[in-house]
Amino acid sequence: MSSKLIYAVYDDPDTTVEAGRIVTDAGIKVNTVYSPFPVHGIDDAIKLPRTRISVAAFLFGAMGTSFAAWMTWYMLIYDWPMNVGGKPSFSFAENFPSFVPVMFELTILLGAHGMIWTFFFISGILPGAKNKNPDPRTTDDKFIIEIDPSKQAQKEDEIIGMLKNAGAIEINRGE
Amino acid sequence: MHGESQYRVPLIRGDKTYHQITEDICAPIEGRAGKLWYLAFTVSAVAALWGVGCISYLLGTGVGVWGLNRTVNWAWDITNFVWWVGIGHAGTLISAVLLLFRQRWRMAVNRSAEAMTIFAVVCAGMFPLIHMGRLWVGYWTLPLPNQFGSLWVNFNSPLLWDVFAISTYFSVSLGFWYTGLIPDFATVRDRQVIPWMKKIYQITSFGWSGTAKQWQRFEEVSLVLAGMSTPLVLSVHTIVSFDFATSVIPGWHTTIFPPYFVAGAIFSGFAMVLTLLLIMRKVLKLEDYITVGHVESMNKIIIVTGSIVGVAYITELFVAYYSGVQYEQYAFLNRATGPLAWSYWIMMGCNVISPQVFWIKKLRTNLTFTFFMSLVVNVGMWFERFVIIVTSLHRDYLPSSWTMFYPTWVDVGVYVGTMGIFFTLFLLFSRTFPVIAMAELKSILKISGEGWKKRQKEHEHEHDHH
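Those protein sequences? They're chains Z and P, same order as listed. Going by numbering that gives the first Met the number 0, the residue at position 78 of the first sequence is 77; the numbering climbs one at a time, nothing skipped. Going by numbering that gives the first Met the number 0, the residue at position 152 of the second sequence is 151; the numbering climbs one at a time, nothing skipped.
The reader is advised that the hints may include incorrect statements.
As the list claims (entries may be wrong) - Some, not all, of what chain P presents toward chain Z, calculated at C-beta under 7 angstroms: (1) ASN153; (2) ALA164; (3) SER221; (4) TYR320; (5) ASP395; (6) SER442; (7) GLU449.
Claimed, not checked - DSBU-like mimics (lysine-lysine), calculated; alpha carbons at most 35 angstroms apart, straight line: (8) P:LYS212 <-> Z:LYS46; (9) P:LYS212 <-> P:LYS453; (10) Z:LYS129 <-> Z:LYS46; (11) Z:LYS154 <-> P:LYS197; (12) P:LYS445 <-> Z:LYS129; (13) Z:LYS163 <-> P:LYS299; (14) Z:LYS163 <-> P:LYS212; (15) Z:LYS163 <-> P:LYS453; (16) P:LYS197 <-> Z:LYS163; (17) P:LYS445 <-> Z:LYS3.
FYI, nobody ran anything at the bench for these hints, they're computed from the structure. Predicted model, so just to flag it, every value in this text is computed and none were measured. Built from N, CA and C at the ideal position, the CB exists for glycine as well.
Bound-form chain Z, shown alone (with noise of 0.2 angstroms):
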């Protein structure tokens, strides 16, 4: 028994950031928070630390920039200058102008794809996953804070009080 999660429903995203709080400062650590919407302020109030996914759009995006670079002076400087229309291709840096466009759109295209793949893998979402999302009604209407009673320093009576104070309209157990 001791070892089961505790859910908290709550159908108020309002209230839930403040439940979060409330446990949070008391020195609770909150496993996560489900809901069916983007809750503003509860990655403060639960302390979760910032994404720093950006940076995967950043680097792919170099990444998109340099390769492009790289193909446009291989494919026309070097390997076979072409001269189309009488613009220079001899120096990159000449033609330049004409390589920024596939410049600007490979560097799009690297860095929304990197990190759109990214977001899927570090979240475990890809086709086929499973949800684990504890109660169906928490991408419609309802909101679950999740702890570990066994991980606390309270009493697990002591937690479900806090929690049921806050607003809690159930509290659910499981694995």
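With chain Z's structure known, arrange chain P on it following the hints.
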């Protein structure tokens, strides 16, 4: 939660709960389609099949079955290409640019507008490919050494830039759209009782659980993708305009093209969004979410972009005169008074004069009138591309090669076919996808829902009495 000014009209009508939003938006997916839907679907599917037939005939016989000739070597095909790409722009504008500007009204329309973007780009992309005549060598546009040696593609050519721009635009829009769909698919999944439906939405929702960390990353991804899509969408029509602007054809070789094309694209795209949404909100009973306020906002964007387009037309005309270049001057004289002048005046009438009526509030909040105007703008913008392409080409530098362009039934058939494909895809979308971004909409319910705003007002009054 922060309240919104009472002066603002609520974005969600009626006293909705979170659950009611889920119910309303999942209803078309779970319910049965009406007769009207089947009728529309049949008509669109027949048109799409007709288009596939025309394309097969074209590919089997050759591009000669189109009305093109030595002088007018671009006509309906590229007109349609530019028209469809332009239509696509509204979706990205709504989902990316309006996200950066924190415009809450975008949330009710972004999903379907983005779907429209994707379907429009599918239709657009078809035209350059079939114009090759030999579809199976389409991969020659990719940066591969061709089989005649180590010759590569030419990165100096705007046509090649277009290959990169359109494919990036299509795939990034698709990724952006799908990322936004995942939480909503999860909502549909979690309420399914029919096993096979649950299975399908289980797969499409990628196992989304909606944890705080997932939402935090989701929001960051949406913001950064919006930041990337904004310059992307501007670059796409800029590059499409480069196809013309970097050439030496009078009427095309102008520096005004990029901003003028981008504004025109957004203008026509919003018109198409209105055409689709005004029907969709009625048929799917989404009037509480896509309100007159939403339509009015879109009409305001139509005035702005329509006016930019109007100014561009007149600037172009003036600069042609002022340049002192006789070829340039003749190109514009021919547009306005030549044998295709009728198309020029349709363009001017539909794009410059008619959108100005939206300055009148009564008209821009009238849904029937807006629907009519959205069709007018779509026609006008098609003719804009036709005027630019055909009138510039058919009387070029060499009067001995002057000719006319007449479309053949295959030209018309392929165009009608893409319309069919577009509407077929959109109709399928409207019955299988959550057509409104539920999760996003729920996040503004307490700020901009009618019921919540009313309670907030009463609350404020109570405070006044003390």
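Right, here's what the structure says about each hint:
The beta carbon of ASN153 (chain P) comes within 5 angstroms of a beta carbon in chain Z, closer than 7 angstroms, and the hint placing it at the interface holds. For ALA164 (chain P), the suggested interface contact is upheld, since its CB lies about 5 angstroms from the closest CB of chain Z, less than 7 angstroms. For SER221 (chain P), the shortest C-beta to C-beta distance to chain Z is roughly 9 angstroms, which exceeds 7 angstroms, and the interface hint is violated. For TYR320 (chain P), the interface hint is violated, the least distance from its beta-carbon to any beta-carbon of chain Z being 28 angstroms, above 7 angstroms.
Given the 7 angstroms rule on beta carbons, the hint for ASP395 (chain P) is violated: about 18 angstroms separates it from the nearest Cβ of chain Z. For SER442 (chain P), the interface hint holds, the least distance from its beta-carbon to any beta-carbon of chain Z being 4 angstroms, beneath 7 angstroms. A least Cβ separation of about 18 angstroms between GLU449 (chain P) and chain Z goes past the 7 angstroms threshold, and the interface hint is therefore violated. Simply put, LYS212 (chain P) and LYS46 (chain Z) have alpha-carbon atoms about 11 angstroms apart, close enough for the 35 angstroms limit, and the pair holds.
Using a Cα cut-off of 35 angstroms, the hinted pair LYS212 (chain P) and LYS453 (chain P) holds, with the two alpha carbons roughly 33 angstroms apart. A hinted pair counts as satisfied when its Cα atoms are at most 35 angstroms apart, and LYS129 (chain Z) with LYS46 (chain Z) qualifies at roughly 26 angstroms. For the hint linking LYS154 (chain Z) to LYS197 (chain P), the alpha-carbon distance of about 39 angstroms lies beyond 35 angstroms, and the restraint is violated. Note on LYS445 (chain P) and LYS129 (chain Z): the hinted pairing holds, with a Cα-Cα distance of about 31 angstroms set against a maximum of 35 angstroms.
Distance check on the hinted pair: LYS163 (chain Z) and LYS299 (chain P) sit about 48 angstroms apart at the alpha-carbon level, beyond 35 angstroms; violated. Taking the CA atoms of LYS163 (chain Z) and LYS212 (chain P), the gap is near 24 angstroms; set against the 35 angstroms cutoff, the hint holds. Note on LYS163 (chain Z) and LYS453 (chain P): the hinted pairing holds, with a Cα-Cα distance of about 29 angstroms set against a maximum of 35 angstroms. In summary, the hint linking LYS197 (chain P) to LYS163 (chain Z) is supported, as the alpha carbons are separated by about 33 angstroms, within the 35 angstroms threshold.
Proximity of LYS445 (chain P) to LYS3 (chain Z) is assessed by CA-CA distance (about 34 angstroms); at most 35 angstroms being required, the pair is judged to hold.
In summary, the numbered hints that this structure violates are 3, 4, 5, 7, 11 and 13.
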